[in-house]
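Undergrad: Go ahead and model the full structure; you've got the sequences and the hints to work with.
These are the residues of each chain, in order.
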Amino acid sequence: MRRWIVLGSLLVAAAGIASAQSPAAEWPQLFGPARNATALAPIAAGSSLSVAWRKPMPAGGAGLVVKGERVYTLGTDNEEDVLFAFDTATGELVWRFPLSPTHSDAVTNGPSSTPALTGGLVVTVSSLCQLQAIDTQTRQVAWTHSLGGTYGSRFAKRGGCGMSPLVAGSRVVVPTAATQGAQLAAFDVATGKEAWTVTDIPNPAGLEPGWMDAAGGHVLYRHSKPAGVSGITAVNAANGAIVWQIDGKDGESSVTPVPVGNDRVLIENWPHVSLYDLRSRTALWTSREISAQRAPAVAHNGHIYTFGGQSGEFLTCVDAATGQVKWTSRIYRGHLGLAGETLVVLSESSGLLRLVAADPAGYRELAKVQVLTAGARTGTPPSIAGGRIFVRNLEEIVGIRVHER
Amino acid sequence: MRHFLCAGLLAVAALPPVQNGGDPGNAPAWPGVWGPHRNGTASTAGIPAQPTGFKELWRHKTQGGYSEVVVTGIGVFTMEARDGSDDVVALEAASGRERWRAKVGPTYRGHDGSHDGPIATPAVDGTDLFALGPHGVLVALDAATGAERWRHDLVKEFGAIAMIYGFGTSPLIEGRSVIVQTGGEKGRGLLAFDRATGKLLWNAPHGLRGGYASPSIGTLAGARQIIAAAGDRVYAVSPADGTLLWSVAGPGDGESVANPPQLLPDDRVLITFWGEAVLLKVARQGQAFTATELWRSPRLRAAYSPTIYRDGNLYGFNGPFLTCIDAATGDVRWRHRMYEGALIGLGSHLLVLGRASGNLHVVQISPTAFIEVTRAAVLTPGATSMTGPSVAGRRLFVRNSEEVVALSVEGK
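Chains A and B, in that order, give the protein sequences. Residue 93 in this note's numbering sits at position 93 of the first sequence; the count goes up by one each step and never skips. Residue 1170 in this note's numbering sits at position 170 of the second sequence; the count goes up by one each step and never skips.
Read the hints as simulated data drawn from the structure, not as lab findings. Just so you know, even glycine gets a beta-carbon here, dropped at the ideal spot from N, CA and C. A few of these clues could be false.
[To be verified] Restraint-style ranges between C-beta atoms, simulated for each label pair:
no.	chain 1	residue 1	chain 2	residue 2	range
1	B	PRO1048	A	ASP77	35 to 43 Å
2	B	ILE1371	A	ASP77	24 to 32 Å
3	A	ASP77	B	LEU1294	31 to 39 Å
4	B	THR1044	A	ASN301	53 to 61 Å
5	A	ALA238	B	ASP1331	51 to 59 Å
6	B	GLY1222	A	ARG54	26 to 34 Å
7	A	LEU284	B	ASP1194	40 to 48 Å
8	A	VAL51	B	SER1408	43 to 51 Å
9	B	ASP1083	A	GLN370	27 to 35 Å
10	A	ASP319	B	LYS1199	31 to 39 Å
[What the hints assert, rightly or not] Which chain A residues stay away from chain B? Per the calculated CB distances, all over 10 Å, these:
no.	residue
11	ILE201
12	ALA241
13	GLN310
14	GLY312
15	TYR332
16	ALA376
TA: Dropping the structure here:
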């Protein structure tokens, strides 16, 4: 997958608004193509933003996935979880597909699982814990599994499922949140057959596994050992074997693990963050200047960008080699994405979308636009694809156009 | 999700009793958290019957803190972080100019999603001001000058146990005493100090687990009593000597209990916390008091905001929803998603301040529907506000972790 990403980036690096069919017009899963919140195509420093369209949206915390002319997400009409397909250019609803009745505990805020686009399918997890792959052309169910009935997910009884499938080559990997048995399960995208499961992760946690592009691909998943102290387990994406485990020192979190290259991994716990060297399994540094927040960090060119301060209100740049803070700016809590040398920052509560230079020299705001209603809190990160940025909250979905000078 | 919970747990609490004083226009004061009647209901004296908007009078920058703004005839008071210490600060009501500040202790550093600074709100009566810092230091100050009269370290002297985010309970003034709520299995529960000297008058160790809530006071079943919501039980004591009057288990765990008990007509007590609300009925037979549960509902989960009672209905938050509930049954009449915030009752309106939007909403009180009259952007969006507006005459005072803003209510 990594080669494909690099190739795609090269192809579109000089483009303005990418064509609908280019690889850059993809944001196929939560946190993007490589699960690291990084877009395929850059957003140039001189770009401006404008709201292209805005549509009412049924409640849901699900993220937005994009391929070509379609952006997909989940919502509830209070009775059913529904997969929605919108036109990326106009926001018009193109089709909708009912997935399952909405879990009674998820009626208020809707389904929270971000679907995954792979192999012509959109792979969804409904709040009632039904894993379903829908063919985007025929709109038929290609295959399905019950994470509650077959895998014993505890969220089937209470809370509702919200795990976000991870694309790993020809498979999708899904946390089950089962109290015993399979904790992670991989399914062949084409057939829906179970490829492997993992059963011995100590106290697994989190619904949003990460990805490390090493040795064929590692699924990074949170564990807790001892209880209440979060670490990371790496699982071989090819066979489900556990490759390595690093236990944290203290603090816990279920934030998606973030690799820094192929030899280091960031463990973002409350109330501090550590960077671990995978060869020595030791912490290179630990910082209390940054802490686990809702949004995972973004690693770029030897630096880490994330929300810091114990309140999580300070966008912070940290030197990945030393853990030293390069700069902070109090722009309040939010979600991060990266497009080339530009950070895309969506406020959690103020409704502001910012472009910020991913530059260790200092905080530099490149553009800012009000995209969501102030106060209408969003737990959904921005999705960046095809010269557009897509955001949503519990009430609306918004398409933003990126204009390059 | 976690940081919403954590930030939300940083509650303000406590409700001083009806106290004297008034703002420069002799209007009723806002002498402590949740106003003069400790129920979030403000006097309408001087307020236009039909609010149409707000005019900014002044803005005071601060470095942190969740404390509510207190207003009396002497001035405007709150607690804030400033240059490494947690202070009580007095401002001029008309200009916002700082009159004095008094250090309570070093700044409580935010962690796990919380901000730096104090949580609790001072209680003021006449020239007596009492404030509890997040490290557990209770200070008595002269409200006119800021001069310190006495202080106690509740941890060192009385075995009080800090909650995860520090001490968030606000002092309660009653007669000659000032009362603070503490927790911990080896703690001493409610502590009543002599206002003038700081001498311990009595203590009532009935709740084993702590919380962020503050005690309330009022008359139930014919007897004046202090009601406390601890982490493991709700109980009432006599304000004279701390004698236990009644006690019931619950309502939740200590970290989720942050709101003071609210007294409703007909000897009822409303307990709201993170997960649900419980309505109790207090009765008396001879010298014996009982408290029985009338209803329990997850449809009211007031997170650090008063719930307003009006004409048999309750108006409060259920997570992100402003909700109207039939007080007799707990049934929902309507709900409207306006995201987390804090509200007060002002005449025929609710004033709702968003927790992070910076918006102040005027909502018509109606049991049939949500009706927004107007709204205004009054605070920096994104910054966290854990308190509702404070009202004194025609003036409103709002704050977040960065600023205190004074507004006048416009209208006819």
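Undergrad: Against this structure, judge whether each hint is valid.
TA: Now for the hints, and whether the structure bears them out:
1. B:PRO1048 with A:ASP77: 35 to 43 Å: holds, 41 Å
2. B:ILE1371 with A:ASP77: 24 to 32 Å: holds, 25 Å
3. A:ASP77 with B:LEU1294: 31 to 39 Å: holds, 35 Å
4. B:THR1044 with A:ASN301: 53 to 61 Å: Given range 53 to 61 Å: holds, Cβ gap about 59 Å.
5. A:ALA238 with B:ASP1331: 51 to 59 Å: holds, 55 Å
6. B:GLY1222 with A:ARG54: 26 to 34 Å: At 58 Å between Cβs, range violated.
7. A:LEU284 with B:ASP1194: 40 to 48 Å: violated, 56 Å
8. A:VAL51 with B:SER1408: 43 to 51 Å: Because 34 Å falls outside the window, the suggested range is violated.
9. B:ASP1083 with A:GLN370: 27 to 35 Å: holds, 34 Å
10. A:ASP319 with B:LYS1199: 31 to 39 Å: At 55 Å between Cβs, range violated.
11. ILE201: Nearest chain B Cβ is 20 Å from A:ILE201, so the label holds.
12. ALA241: holds, 30 Å
13. GLN310: violated, 4 Å
14. GLY312: violated, 6 Å
15. TYR332: It is violated; A:TYR332 is separated from chain B by about 3 Å at its closest Cβ, not greater than 10 Å.
16. ALA376: violated, 6 Å
Hint check: violations occur at hints 6, 7, 8, 10, 13, 14, 15 and 16; the rest are consistent with the structure.
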